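> Since chain A is already given, all that's left is putting chains B and C on it; use the hints.
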Amino acid sequence: MDRKRTALTVAAAGTAAGVAGLVLIASPAGANEAPPVLPPVSAEALVQSVIDADTPALAGAVELRNNIGLPIPGLPAGSSDEELARVYTDGQGRGRIALKQGGGERTFVQDGTTTWLWNSADKSVTKYTSEGKDDAEEKLADPATAARDLVELIKKDSTVTVDGTARVADRAAYQLVLTPKPTERTLLREVRIAIDAQTRVPLRLEVLANGQSDPALRIGFTEFSTGAQDPALFTFTPPPGAKVIEGKKDDTNKEEHEELFRSADLKVVGEGWDVVATGRVPAALLSAQIPQSGERGGPLDATSILKKLGKEVSGSFGTGYVISTKVGTALVTTDGRVAVGAVPQQVLVDALGQK
Amino acid sequence: MSGLTEQGAAAVTTAAARTKGLRKVYRGTVAVDNVDLEVPTGAVLGMLGPNGSGKTTTIRMLLGLVTPTAGEVELLGQRMPDGAALALPEVGALVEGPGFYPFLSGRENLLRFAAAEPLLASADIPNAVGTALERVGLTGAAGRRFRGYSLGMKQRLGLAAALLVPRKFVVLDEPTNGLDPAGTREIRTIIADLHAAGTTVLVSSHLLTEVEATCTHVAVLNQGTVVAQGELSTLLEAGSANLLVSTPEVTLAVDALREQRVPARPVPEGVRVDLTATTAPAVVEVLVRAGVPVHEVRRQRTGLEDLFARLTEDTATAELAELDPLVTEEAR
Amino acid sequence: MTTMTVRRAPITRVLRSELRMVLRRPRTLVGLGLLGLVPVVMGIGIAIAAASGETGEGAEGMAALVMGNGMLLPIFALSIAVAMLLPLTGAMLAADALAGESSHGTLRGMLMAPVSRGRLLAVKAFGVASVTLLAVVLMAVTGMIAGVALLGGDGMLTASGTSLPFADALGRVLITVVYVTLQVWALSALALAVSAYTEHPLIVVVVTLGVVIVSGVLSAIPALDWIDPVLITTSWEAVGEVISDPISWSPLVEGALRAACYMLIGGSIAYSRMLTRDG
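Residue numbers (my numbering), protein chains in the order written: chain A, 1 to 355; chain B, 1 to 332; chain C, 1 to 279.
The following block holds chain A by itself, in its conformation from the complex (with noise of 0.2 Å):
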C-alpha cells in the first residue's frame, strides 16, 4: 500500500530528525568537533601568559559537573552538568556573578567601590566597601618571577605537559595537564586546566581521579564571549523593601576564624600532592543536633551523618569513621581527630600517626 508507505516514512523520517534534534542540543557545543589547530607552546610559557594577561571584558556561562561520589551541599550533584553562574566583566576590575541556587539566585557585583551581595531568598543586600588592593596582588606585582616561582613549584612534585588542544565554550583552548609524580601517593591521575588561546584565561578545569575517564569534577565555561558590556550589569541599586546589610571588612572574621583554626589544632603534613590536613573538632561537635531542612525526619547528629556517609574503621589510630570519594578520603576518629586529603586511607591514617 502506497499510503502505508508513506505513513511509515514520515513517521521514521520525523521521528528520527527530532530525536537527533534532542541528541543535538543535549550535546556541549563542539563536542565532536576536532581539536583545534594552535601554534605550540611550552608549559611555562603558557603558564607566564595566563598571568601576564590582563582579564577582558567577557560575559560568561559557567557549568560544574560533580562526579566526585558525594554530595556537597548547595552544588548539584550526579553526572550532568548544572549551569552554576554567569559571570561578567569590564576587565577593570568590575564585575557581576549571578550564582543560581534552586529557582533562586545570589548575585555578587562589584561595582569598582563597593561590593553587593543580593540573595533573592530573603531579599537581602550586604555591602562592602573595599579598601586598597588586595595583598594577593601585590605578591603577583612580577608576573614573570610568579610564574616561574610557580612553574617550579608545582614541577616539584608534578609534571607539567601541554597536551594538546580543545575546544571550550567553541573557543580554541590549550590543555596545560598537571600530573603527579609517581612517588606521589594520591588518588588523583591528572588535573586538566584548559586555557583559552586568544585571551590566556582559564576555561575549564578538570580533575580526573585514578581509574575513571570520567573527569570527577569539572568547572568551566559553557559560554564565553569577550567584549564591551552593558555598565549597567556593573552597578547595583538595593530594590525597595530589601533589606540593607552594611558588611564590615573581614577583621572580626578573621580573628573567628584564626581562633577556630587554632582550637582545631590544623596542621598541614606532606606536601605536594599527597598533602594532609589533619586536625581535631572539639568532641562535642561530633554529637551535636543538627537542624534538617525539610520536612522528613527530625535533627540529626553528626555522627548518625557519618555513619551514614561513612564506613567504620580501626587501626593504630583507635576507631573511626572513613568518608571515601573518588578524589579523596576523609578520616574522622570517634576522639574527634580529622584527617582529609586527595590520598587513599593509609596515608591519612600515616599522617594521624606522625602526630
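Source of the hints: derived by calculation from the structure; they are not laboratory data. Fair warning: this is a prediction, and the values are worked out from it, not measured in the lab. Treat the hints loosely; a few may be bogus.
[Unchecked claim] Below, simulated SDA-like cross-link-like pairs (lysine to any residue); rule was C-alpha separation at most 25 Å, straight line:
no., chain 1, residue 1, chain 2, residue 2
1, A, Lys-4, B, Arg-23
2, A, Lys-4, C, Val-123
3, A, Lys-4, C, Thr-276
[Said to hold, decoys possible] Chain B is nowhere near these chain C residues, computed Cβ spacing over 10 Å in every case:
no., residue
4, Gly-36
5, Ile-80
6, Phe-126
7, Leu-133
8, Ile-145
9, Val-148
10, Pro-165
11, Asp-168
12, Leu-170
13, Val-177
14, Leu-231
15, Ser-250
16, Pro-251
Beta carbons are placed, not taken as given, at the ideal position from N, Cα and C, and that holds for glycine.
For chains B and C alone, coordinates are given in the frame of chain A:
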C-alpha cells in the same frame, strides 16, 4: 450468480461505484472477502444482509474511510481512497449512526459540517442548513442540543448532513434505525425524491420490506461476500419459481414427484414444487399419472424475503429447515 | 475525470469552525475557567500570608520574591502550572481532538466532507494549539490583574535584585507566555500522536500524564542524569530564567528547541497514523 451480475450491469451504462475483489481483514478476522459490487448510476441499490455480513465495512471502504486489505474501489470514477478529495464532495453519507457533537444544537452541528463542505460557498451555508433541516422535518428542534435528541431525531439530523449539498451519490447505512413508521415513510419519500432527481442511492438495511419498497437494484451480502446482485425485478423473476399444488393426497404427491427426481415438499396449502429443473406441464403429468387428485395448480413467484432467506441460509440447513411461515408470503 | 481539480472548503472557514466548536465544548470552558482562577487563588493566598506578617523568607526560589511583587505572580503561576495543570489541559484537548471525536463519529463526518487527512490533523492541531495558547494567556492576564491588585508593586523585582519598569515587566510576562506555550504545545503534540491511535480519550490523558510523571522521576534519579537533556520536563525548569536580570537566553533557547523537536516527533507520528487510521 455471475450471470445475474452481468444481467444487472447490462441495464446501465456506467457505475456510480464499483468494487473489485474487495477484501478487508481486521486483526486476522476476515470482515469482507472478494466483494465485487456494482452500483449503477441512477439506481437505488438496496444492500441486504444479516448483521455482521460486511455491509458497513464495504460502505466504509467505498467512502475511503477504511483502506482495503486487497482489491479496488472506484467511486464516481475515482480510485478510492486516494481519489477521496475528488469524489467525496459529490457524495453524501450517513454511516454507522450519525456522528455529532452532543453539546452543540442540531443547527450548529450542521453549520460545522457545512463549513467543511467543499461545494458550499460560505454565503450559502445558512440557507443550505435551513433547507436540509426542513427536508428532514427538524426545523422545530434545530435549536436544541443534540444530546437531548431522540434516536429518530439523531437519524434525521444525520440524513440532513448527508443532504446539505445536492449530491450525485447518497449512501445511507441503516437509515430507518430508530425511526417510527411515519419516519420510515418519510425516508422512503426522500429516497424516491433523490431517485427522481437522478441521484444514485445506496441503502443498506436488514429490513427487507424497506428495500423492496424503495429499490431498483439489490445486492445481498452474506458472511462477507456478495451472494447475489442485480435489478430487483430480474432477481425476483430469476429466483427459482415454484408451483403450488393443492391436493388432499400430499404424501402421495411428494413421493410421486421425488421418484421422478423433482424437488417437492409439503407445505400447509399442499405441495410446493421447485421448477428449476422441470416445467409445470411435466409436473402435472407426473401427478396425474400417479393418480393424485389435483385441485389447483398455481405458479408462485419468490418474494424478496424468500430469496434473502435462501441466499443467506446455509444450503445444508435450508434443505432441512421447516419453511418459516413469513417467507411463504406471495409476491403477487 | 482525471483533469478534475480538487475542490476544498476554504481553510480559514474550517479553522474558524473548529475553534468555535472547541470553545463551545463544556469541558474546555470549565478547564479555562479553572486555569484562570489559579493565579487569583495563589494571589489571595500570598496576600493573606503577607497580611499575617509572613515575609516569604525561607521560601524556595520565586515564591520568596513574589510578595509585594505583583507582576511576578503571572510568571510564578505559569511556572507552577507548566509542571502539571497545563500539560493536563493540553492532553485533554488533544484527547478530545482525535480520540474523542473518533468515538463520537464526528471525525468520520469531517473525513467524508471531505477534509483530507493531513488537513484534518492540521485543523485539529490548530484547535489544540489555539486553546492552549488561550489558556496560557488567560493565566497571564488574570495573574497580572490579581498580582497588581492583591500584591501591589509597579514593575518587577527580579531574582538578580534589579527593579524593572512596568513595560519591561510586561515583556518578561510575554516571554514567559511564549515559552510556556511552546512547552505545552510540545506535550500536546505527543498527546495528539497518542490520540491518533485510540478511540478512548482517557487513554490519551493517562499516557500523556504518564510521560510527564516518568520524565519527572527519571530526572530525579541522579544515576540517570545523562538522560536529562532529552527529557521534555527538563525544559520546564528553565522558566525561572525569565526573572533573572539579564536573562540568560541559552536555557530558554535550548528549551524552545527541545519543544520543537518534540512537536516534530509527535506531529509526524500523528500524521503517519492519520494517513492509515480507519475512519
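> Compare the structure with each hint and give your call.
Outcome of the hint check:
Under the criterion of a C-alpha separation no larger than 25 Å, the hint pairing Lys-4(A) with Arg-23(B) is consistent with the structure, at around 17 Å. For a cut-off of 25 Å, the pair hint linking Lys-4(A) to Val-123(C) stands: about 22 Å separates their Cα positions. In summary, the hint linking Lys-4(A) to Thr-276(C) is supported, as the alpha carbons are separated by about 6 Å, within the 25 Å threshold. Every CB of chain B lies more than 10 Å from the CB of Gly-36(C), the least distance being 20 Å, so the non-interface label holds.
Consistency note on Ile-80(C): stated as away from chain B, and its beta-carbon is indeed over 10 Å from all of that chain's, at 30 Å minimum. Distance check for Phe-126(C) against chain B: the nearest CB is about 14 Å away, which clears 10 Å, and the non-interface claim stands. No Cβ of chain B comes within 10 Å of the Cβ of Leu-133(C); the nearest lies about 22 Å off, and the non-interface call holds. The Cβ of Ile-145(C) sits about 29 Å from the closest Cβ of chain B, beyond the 10 Å cut-off, so the non-interface label holds.
Under the 10 Å C-beta cut-off, the non-interface status given to Val-148(C) relative to chain B holds; the minimum distance is some 36 Å. Non-interface call for Pro-165(C) relative to chain B: holds, since the shortest CB-CB distance, roughly 45 Å, exceeds 10 Å. Listed as outside the interface, Asp-168(C) is consistent with that label: its C-beta sits roughly 43 Å from the nearest C-beta of chain B, beyond the 10 Å cut-off. Every beta carbon of chain B lies more than 10 Å from that of Leu-170(C), the smallest distance being close to 36 Å; the non-interface claim holds.
No beta-carbon of chain B is positioned within 10 Å of the beta-carbon of Val-177(C); the least distance is around 29 Å. Every CB of chain B lies more than 10 Å from the CB of Leu-231(C), the least distance being 34 Å, so the non-interface label holds. Once the 10 Å rule is applied to beta carbons, Ser-250(C) is consistent with being away from chain B; the minimum gap is 44 Å. For Pro-251(C), the shortest C-beta to C-beta distance to chain B comes to about 41 Å, beyond the 10 Å cut-off, and the non-interface label holds.
The structure fails none of the hints (numbered hints given earlier).
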